[in-house]
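Engineer: Sequence:
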Amino acid sequence: LAQDPQGAVGVLTAVSPQDWEQRQEEDTLLIERILLLVRNVLHVPPDPTEEQGVDGDASVHDRVLWALHISGMDDLLKFLASAQVEQQWGLHVLEIISLMFRDQSPEELAALGQGTAGAEHGEDTRELEALRQRELAEKKARALQRPSRHSRFGGSYVLQGLKSIGDRDVVFHKGLHNVRA
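Anchor point for the sequence shown: position 99 equals 99 in the UniProt record's numbering, and the numbering is continuous, going up by one each time.
Bear in mind the hints are in silico, worked out from the structure with no lab data behind them.
Ranges between beta-carbon positions, derived for each pair: (1) Gln-84 / Thr-49: 44 to 50 Å; (2) Ser-71 / Leu-94: 19 to 25 Å; (3) Ser-105 / His-69: 19 to 25 Å; (4) Glu-135 / Val-85: 50 to 56 Å; (5) Leu-94 / Glu-135: 47 to 53 Å; (6) Ser-98 / Asp-57: 21 to 27 Å; (7) His-43 / Leu-128: 44 to 50 Å; (8) His-43 / Glu-135: 53 to 59 Å; (9) Gly-161 / Leu-131: 54 to 60 Å; (10) Leu-29 / Glu-108: 36 to 42 Å; (11) Arg-142 / Val-171: 32 to 38 Å.
We treat Cβ as the ideally placed atom computed from N, Cα and C, and that holds for glycine.
Turn these sequences into a full structure, and let the hints guide you.
Structural biologist: What follows is the structure, encoded as structure tokens:
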């Protein structure tokens, strides 16, 4: 671990993609120790005397989370949580994720998720309504351009008295409005 310039994330990245059958016992223990270390770091309770800063300052917990994000540890945790062959780490990852969200209330998280989605949904709804109104206006304009009366006369007609090639009456397959005979 001390020889790796990227630290724990580099070790996990190198060891994690290996197939679990190829993984040595040492690698398995190393992954477990790193996950326990991350869990223990996140488990440290906040110190009110240390976190007396200006409102909006990031707490120690928030800075640790940011460092985990910058290092790519969050992506590794997602991989470990979702990979079928890495199910043995599921409880460790669940505990780490639980500790990541320990200062958040479920109501705040739900409101944040709906806030942007709700605003985008409202904007999309307004755009769709505007498009629908424009489409209806164009449809009305096209309807006004057409003649209002529709000739129901159409189809096939037999013109009696006008002979075709085979000594039969001509069969006509269009409307009669253009026939002048």
